[in-house]
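Going down the list, the sequences are from chains H and Z.
Under our numbering, think of the first position of the first sequence as 1, with each following residue one higher.
Under our numbering, think of the first position of the second sequence as 343, with each following residue one higher.
The reader is advised that the hints may include incorrect statements.
[Unchecked claim] Here are the simulated distance ranges between beta carbons:
#1 H:G247 / Z:T349: 45 to 53 Å
#2 H:E123 / Z:S549: 52 to 60 Å
#3 Z:D399 / H:E284: 33 to 41 Å
#4 H:G168 / Z:E391: 57 to 65 Å
[As the list claims (entries may be wrong)] Result set (EDC-like, lysine to aspartate or glutamate): computed pairs, CA atoms no more than 20 Å apart in a straight line:
#5 H:K148 / Z:E621
#6 H:K280 / H:E261
#7 H:K148 / Z:D403
#8 H:K74 / Z:D369
#9 Z:K632 / Z:E621
Everything labelled a hint here was simulated from the structure, so no lab data went into it.
Glycine included, C-beta positions come from ideal geometry on N, C-alpha and C.
Single-letter residue listing:
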Amino acid sequence: MMANSPVPLSQPPRAETSSQICDRLWRLYLEMLRIRVIERRIAERYGEKEMRCPVHLSIGQEAVAVGVCAHLRKQDKVMSAHRSHGHYLAKGGNIRAMLAELYGREAGCCGGRGGSMHLIDREAGFWGAVPIVGSTMPIALGLALADKRRGGDELTTAFFGEGATEEGVFTETLNLACVLRVPMLFICENNGFSVYTPLSLRRAPDFEFGSYVRSHGSLYFSGHGNDVEEVFALTGQALSAMRQDPGRPCVVEFSTWRYYEHCGPGQDDHLGYREAEQIKHWAERCPLAVARTRLLALSPALDPEMTAAEKRYIREIDAVIENVRSSPMPDAATLQRGVFAP
Amino acid sequence: MSDKSPTRELTFAEAIREGTALCLARDPRAFVIGLGVPDPKGIFGTTAELAAEFGADRALDVPLSENALTGLVIGAALGGMRPILTHQRVDFALLSLEQIVNQAAKWYYMFDGRGGTIPIVIRMIIGRGWGQGPQHAQSLSSWFAHIPGLKVVAPASPADAKGLLVASVEDDNPVIFLEHRWLHNMRGPVPEGYHRTPLGECLVARSGSDVTVVASSHMVIEALRAADFASAHAGVEMEVVDVRCLNPLDFETIANSVKKTRGLVVADDDTRQCGFAAEIVARVGEAGLKLNAPPVRVTYPDCASPSSSALAAVYYPAAPDLFLAAARIVGRGASLVDKFPKRPCPVDVPYLEFPGPF
């Protein structure tokens, strides 16, 4: 597995016009901004103790969610894990159902049974997130298998952190996908830490993730996960490679960084588990800042629009939160509803 | 619901095979998956020739990967399929407990129905005999029955093996389908054609007025042997209730029997502590059902099943133990246990001609 290497601030040459590049980057930026605003609001209001469930914020990791999901159609399927807010939102998951779930409300996407770690919105193609690390990978493969057997053209994507690749189920799933020739997309967000434990304590120095993945028969790509344009481009390459080699799954690994604590509303760099140099390095490579700098270079006139968009997103999330807070809690009489499907 | 007419006999394994083939033929969404499904032995004959009949993609051989396979069938079920996953031992399925307990069992509940249903059947075989040993002979039925959201089925007869398998495949919930290895070669009448035994209904396998024996899986066979002897030699009429489905549990049938007999023996193919037998005793107690004597549990002792036949002989409870328990409750005939006919074969094989190994 690659180290958390620097994100290059220069961009590769492209054949597109600068206007096309700008339009796309603007859309990607707006989506990242929307997710950032929503999660920042969750962090700010968490102390009110009304959202009474663990939250794993994806602040800092928005580019992977947005850059990958920008390629996906509504019918394409996504699954994720404990840090799934960004994936859910980028896939078009209903924001009110998500917030209602965090607030334990009846209107939550799980009716208040799951909390932040159990997001789902199948209408948006988000087929579920669960907190057991690695667990949705084989389920996503099963969805992909069912689609393949039906002759469908939907793509199934599993998002997970690099810690999940240390679980046996990753290897089992990757191998099954290769053996059964089920094309699915594995998106690995490598933020370098499993809670407080660095990758250096979890993989031998000479471990080479790409070779490991390829040796199973899978495609593999890796790139910088804080550069949304690179995420978008690399995902495009991955999908193109999958189309050219039907039946092959593909793993794409993106290096990234979470700015907040593993679980909770705060930042925890004062604990000293991440090196100051790394912290500084990644602080300079905020995915929103990277995109913003590039956008303003392409079109300085976007500056006020950025400010306006941020204000709009804040208004929207605040309205959702107020709406959700005034919505009913689940009826206690429903406690045992649905232990078995009828 | 079920076809009552024919008296044709099949082995338990053939009945499973027939039920599976019926499901594959009726429902294009159904498929069987697991290590060895299409191999020459075909999971003790239960999947024999399915690949030839229905195609390799309906009877899949796969890597061992029990945990990912379980996730795979969960996902396939969410995607509209109806998979049957096979494990050649319960013990092997322990590698997949994360997916079974955290995902399959909870999916429908934890997403408040919006996650979709998980119509999967996970077949697990309880090994026994010929020195199977500590990691090839667990039942763990109580474990599975402890988990909300899992249906747990343990047939005892060929007819129920077929009928319950068909019902399990049709069910929209994850079903743990436990097959005791010693049942596979037993013969019995099996209805032809479509035959479905509803999940969650006990069967009174033998009527009796003196004492109720609640049993499941292979212990039903032992209970019926005990009841034959008790009736013939001790004038004790044992009523044998075959649980068939540990969850959801048809307690009403059990309660009705206990109300009639005022005596209770629970025979369980599992260890004792916190087991299914304790659950039945507790429910009878909570229901305030009057018993003429304290209830008795007949279970495996609280240790792993040893390999040596000398130890296995004292590990597994059998028909004489059930007779003795019943006779003591009723208060007559207990001394006749010495006259209980010896099994015509060594204790570590299901029948005399058994060649070993499993």
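Do the hints match the structure? See the list:
Under the hint 45 to 53 Å, the C-beta atoms of G247 (chain H) and T349 (chain Z), about 49 Å apart, fit the expected range. At about 53 Å, the CB distance of E123 (chain H) to S549 (chain Z) agrees with the hint of 52 to 60 Å. In this structure, D399 (chain Z) and E284 (chain H) break the distance hint of 33 to 41 Å, their C-beta atoms being roughly 52 Å apart. For the pair G168 (chain H) and E391 (chain Z), the beta carbons lie near 33 Å from each other, so the given range of 57 to 65 Å is not met.
At most 20 Å may separate the alpha-carbon atoms for a hinted pair to count; K148 (chain H) and E621 (chain Z) exceed this at roughly 44 Å. Annotation: proposed proximity of K280 (chain H) to E261 (chain H) holds, straight-line Cα distance about 16 Å (limit 20 Å). With a C-alpha separation of about 18 Å, the suggested pair K148 (chain H) and D403 (chain Z) falls inside the 20 Å cut-off, and the hint holds. At roughly 29 Å between alpha-carbon atoms, K74 (chain H) and D369 (chain Z) are farther apart than 20 Å, so this suggested pair is violated.
Among the hinted pairs, K632 (chain Z) with E621 (chain Z) is consistent with the structure: their alpha-carbon atoms are about 17 Å apart, no more than 20 Å.
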